[in-house]
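S.K.: Chain residues, written in single-letter form:
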Amino acid sequence: MNIRFIFTFAWYYGVKIFSRGPSYVIASLTTPLSLLFIVYVLTQGKLVEFAVVGGMISLIGSIGLQSAGDATFMKLQLRVQEMYVASAVTPIDYMLALTMSFLTFSIPGIVVYTVLGTIFGLYNTVTALSMVFLIVMLTLSTSAIAFIISGLVKHVRNVWGIVGILSIIMTVIPPTFYPYTDLQNFSTSLIYILFISPVTPAAISAQIIFGLEPWNMAILTYSLLTLVAETVIYFAIAKYLIRWREN
Amino acid sequence: MIEIKNIMKKYGNGPIAVNDVTETMSKRVTTLIGRNGAGKTTLLRMLSTQLMPTSGTAVINGHDIIKEPHKVRNSIVSIPQEASPIGILTPYEQVRMYLIGRRFSLSDASLAARQALETVGLESSMHSPSDTLSGGMKRKMFVAIALASNAEIVFLDEPTTGLDPLSRLEVWSAIKKLDGNILLTTHYMEEAENLSDEVFLQDAGKIIESGTVKKLLKRFSGKIRVESQSPLDGSTMLGGMHILYDIVENAEKHVKNGANVKKITLDDLFIMRGVDLEY
Ligand SMILES: Nc1ncnc2c1ncn2[C@@H]1O[C@H](COP(=O)(O)OP(=O)(O)OP(=O)(O)O)[C@@H](O)[C@H]1O
Ligand SMILES: [Mg+2]
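So the protein sequences, as listed, match chains A and B.
By the numbering used here, the letter at position 84 of the first sequence is numbered 84, and the numbering carries on one by one without gaps.
By the numbering used here, the letter at position 72 of the second sequence is numbered 72, and the numbering carries on one by one without gaps.
It is worth saying that the hints were derived from the structure and are not from the lab.
Fair warning: this is a prediction, and the values are worked out from it, not measured in the lab.
From the three backbone atoms N, C-alpha and C, an ideal C-beta is built for every residue, glycine too.
Treat the hints loosely; a few may be bogus.
[As the list claims (entries may be wrong)] Capping the alpha-carbon separation at 30 Å, the derived lysine-lysine pairs in DSSO-like fashion look like this:
1) B:214 - B:177
2) B:215 - B:176
3) B:10 - A:239
4) B:71 - B:176
5) A:239 - B:71
6) B:10 - A:154
7) B:215 - A:239
8) B:214 - B:138
[To be verified] Some chain A residues close to chain B (C-beta under 10 Å, calculated; not the full set):
9) 17
10) 77
11) 84
12) 88
13) 93
Bound-form chain A, shown alone (with noise of 0.2 Å):
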């Protein structure tokens, strides 16, 4: 692995663009910032714990899946990919270095839900580093699945359609603004395809670990494992169908 690199692609793409033009990175904001407001006004404030946690997840969650757009945009049309191709980077090199980009993207993201648990006391040395462990886990399986879908697009254009049905169905739709047992009552079926999208293995741990739902050691570790096994699975797809030589 070149870590080097991935680091240095990350500082570029990441950092350099953001500060250039944060326009990208605070429109990611506006979503999930929006839900909160609603849900907040909707339920008179008694959820409102559940959209600042949630807020974070969903947030990470589409800005991963949006990651497509660039991602395909520097395959298809600056044809940046095909240069790495013929060169030393490997799949995963490229992989990663993007997602590093994507994860600074979340940065102020991160910052504002941050500043939103603390002041209503969400945060101990528990409850942080679990966040910090499922904001990794979330930004590494939703880029995976962003190259999923830029290894699978033929034309750039296609891609923001795609994105953008994708997020609402991965990140909005989970338990992301509201408790995950209210979702086990309405369709214990639903869940099941729920669980495609990493984001809500994320956010039922979230809820459980930062102790808005009953402790349920059961469907923490459920949730836990299928998060990790679905960024390994996700990874593995997308180093296939990446289309590192094309065909």
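Based on these hints, arrange chain B with the ligands on the given structure of chain A.
M.R.: For chain B with the ligands alone, kept in the frame of chain A given last:
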């Protein structure tokens, strides 16, 4: 050294873009010429491990492109025909980032990036966002990537398209200074003549001729090309002109009659194919 063995590419249900090519390219600068759609890019992309051949293979400095892509990749650099810079980043940042991907140390990458960008004449714009560069300047950034890489084999797909005459000369001299073997494509025959140790002419996926420029033009020795608005005795209509290959001795006569007389260049390899020519 590139040894191509029966390489073939058919895109899905599309055309056969490269058709059973077997060639050895061992000279320092090899140029691939051919009309639009002849399959030059397809061949280059297969050789630089970006595109899987439908059948056949190639061996690059002893390594098979299909079985040992990693070893091949360590020794090559490939600049795609249609590459564009990441607009928000500067040329310096992009060249440097690429070199670090090639496992240059941070300081070597900085030095090599700066030197290469100076060589291609981007000293004053290497720190401006690439969006603000002209088309030719963007192209030069990619040439700088090839220069700085210091690879054993350099693939350049139309490196000088869109460059002004002076910039083209600068890029030529930079290419001449490269250490590795170079395989480039071009539509500028002057470039092929100036740079190549060997030229390959590709047509409809096949390599139909190869050799030094001198060898390829041998058949035209003692001839000139005559272009006229009106038909000449034995001329053929091509591209809106009447074209005739004639012996040098008749040049003056044609000029008197108002025709244009041209010295033979690699262009004629293409032109003569549209002209029913006995030689
Ligand atoms: N990705 C692709 N999918 C399908 N067909 C393709 C693809 N790329 C190229 N082709 C076809 O393969 C043939 C060769 O194209 P190629 O790009 O290799 O030509 P070229 O010699 O590089 O042309 P030019 O001088 O215009 O760059 C053409 O008929 C083209 O339409
Ligand atoms: Mg081409």
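S.K.: Can you give the numbers of the hints that this structure goes against, from lowest to highest?
M.R.: 7 and 8
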